[in-house]
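Enquirer: Kindly produce the complete structure, drawing on both the sequences and the hints.
If you read the protein sequences in the order shown, they are chains R and V.
Numbers given in this note's numbering equal positions in the first sequence, counted from 1, plus 149.
Numbers given in this note's numbering equal positions in the second sequence, counted from 1, plus 248.
Read the hints as simulated data drawn from the structure, not as lab findings.
All C-beta atoms, glycine included, are put in the ideal place defined by N, C-alpha and C.
Warning: the hint list may mix true and false statements.
Across the chosen pairs, the derived CB separations fall in these ranges [claimed, not checked]:
(1) K549(R) <-> R328(V): 37 to 43 Å
(2) I294(R) <-> S317(V): 30 to 36 Å
(3) Q193(R) <-> E313(V): 32 to 38 Å
(4) I359(R) <-> E329(V): 50 to 56 Å
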Amino acid sequence: MISVDPWLLITIILGFAMAWAIGANDAANSMSTAVGAKAITPKQAVLIAGVLEFTGAYFFGKSVTETIRKGILYPDKITDPTVLIYGSIAALLAATIWLVVATKFGLPVSTTHSIIGGIAGYGIAYAGLGIVNWDKMAQVVLSWILSPVIGALMAYFIFKALTKSIFESENPVRSARIWSPFWIGMAFVVIGAMFYIKVLHGSDLKTGVIFYGIPLGIIVFIFSYFLIKVRFLSSDPYTGVESIFKKVQVVTSGYVALAHGANDVANAIGPVAAVYAVATMGLAGMQVPVPKWILALGGVGIAVGVATYGYKVMETVGKKITELTNTRGFTIDFSAATVVLVASWLGMPISTTHTVVGAVIGIGFARGVKAINKDIVKDIIISWFVTVPIAAVVSAIIFKVLMVVG
Amino acid sequence: MQVWTKLFAKSPFKPLIKHSDVVLQTVETLERALRLWYEENYEEMEKVAIEVDRLEDVADRIKEEIRDSLSSKFLMAVAREDVLIYLHMQDKVADAAEDTAKWLLVKRPKDIPSEVKELILQMGTESIKAAKLVHEAIVQMDRVIESGFIDKEIDREYEIIKAIESVESKLDGLDTKLMQLVFEKENELNWGEGFYILNIARTLSNISDKAKDAAERIRLMMNK
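Expert: Following this line, the structure appears as structure tokens:
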């Protein structure tokens, strides 16, 4: 007979709530460009995002979980197991509350910021500023700054390369037939490499690229090359190219969803895994790998979030964004997903939202987007900076309360 | 996340094209009025000329709407100033057409030499051609942005701009020719008719002048 620790049960419920919040307001991002460019309907988006977020979370979400769980605080300074349990609960609750409030006000906050703020908050409340690994925190903050910047640069150059390779050529329709599969193939080179690293636990990126990424990319290239040859009949190059990318976008959006699941599930299940480690083997067990069922829990939570709340978001997006063409949508997705996956390989907890916003702005600078609202960009950036302190303060308060009443 | 719906601002280009559509209608209506004037079908002409006036009003209203909605808080593919000045110039094209229509309405001339009438009609056709090309230019500008500013589309845009400029310089020649002609025929015309003709010519060449200014702004939009 297995006895379930009541605190573990509470954490599991909270972890699920957090995963739901991630799915509700963050996972919609992965599909919003495709919905905005009318490549898929909101309903299809929900189905695809739900399945792929789960897949990403379950199969790809491992090492990042460890980074968030252990990286921000020095674990050896938490000698009391109850602190870790209460702390994880406080962090999860704070992050979830902040996410729900922010969603209510339409603020684009990062789930990653929220949970890091929550963890740092209880840590500081417990043992003061010294418990926070500030080097790690600095690295995290740096990655928040870097991810939109790299996302922007990547999108800028991919967009330029894409337009050069297709529209600039003598025969755009013919170029589209070759170059679109090339770009899709490239996306799958990255996916293949990440599959090797995440699922097969490989450590050498080169091996991943050569033995998984490139073969997969080539297969996808050939497959899509012939598919386009058969299906692509338009005489107007612009309409034709957009119609190709309309289909490609479904794939790249799926790729973003997969990457998002892999990267952001850690935000919900990291604290759950921490409590699980305490409950099953004490503090020394912090080295324990995250059990698959916890990843599944996070994956299901995200999928449910997408289905219940994300649907509403995507519906609005589909109706309101008219300024996004399929090539732009593709570029945003491809850039963001690549940045997120590479960062995830490096173990850096980065935000999908930041990268995608960065990518949109990058295309704006490449003069690919007709108009971007600078005020909203400012709001977004402000929200990036306030999320950590707010989540930290809320988490610290919850933690203190739990220590008194618990 | 609602951010996606707020991040993308409304592009000014579709409304600019909408405004241009009305300007195009205005000059095309003027063209009809001018032909009726040439045929001395004054009754019909007056109705059409009044329609020019009405269309110009519509263009004005669209212009105001665009101005109000074009916030400085947008990051745009083209400079906001260029868009606003372009809009101003595009609207001036309709204004100039309205001016011509007004001059057509003030008088029902009887004995204007056919050579002069011929030349006025020619000036009108040319000048209105420039205005029609502006419409093409702004539609092409939208395509330039759509393509991500690729050279081929930019080149096509430059061709349209050059065509506008060449029409404008051709019109300068016709303008001079008309002035000379009016003075050659000064014995056949009274001062009122001369004044009337020269003013129609002036307002007509104004249309292509403003068209050229608008084209100039589109050129600036492309070299940010």
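Enquirer: With reference to the structure, classify each hint as holding or not holding.
Expert: Against the structure, the hints come out as follows:
no., hint, in the structure
1, K549(R) <-> R328(V): 37 to 43 Å, "violated (51 Å)"
2, I294(R) <-> S317(V): 30 to 36 Å, "holds (33 Å)"
3, Q193(R) <-> E313(V): 32 to 38 Å, "holds (36 Å)"
4, I359(R) <-> E329(V): 50 to 56 Å, "holds (52 Å)"
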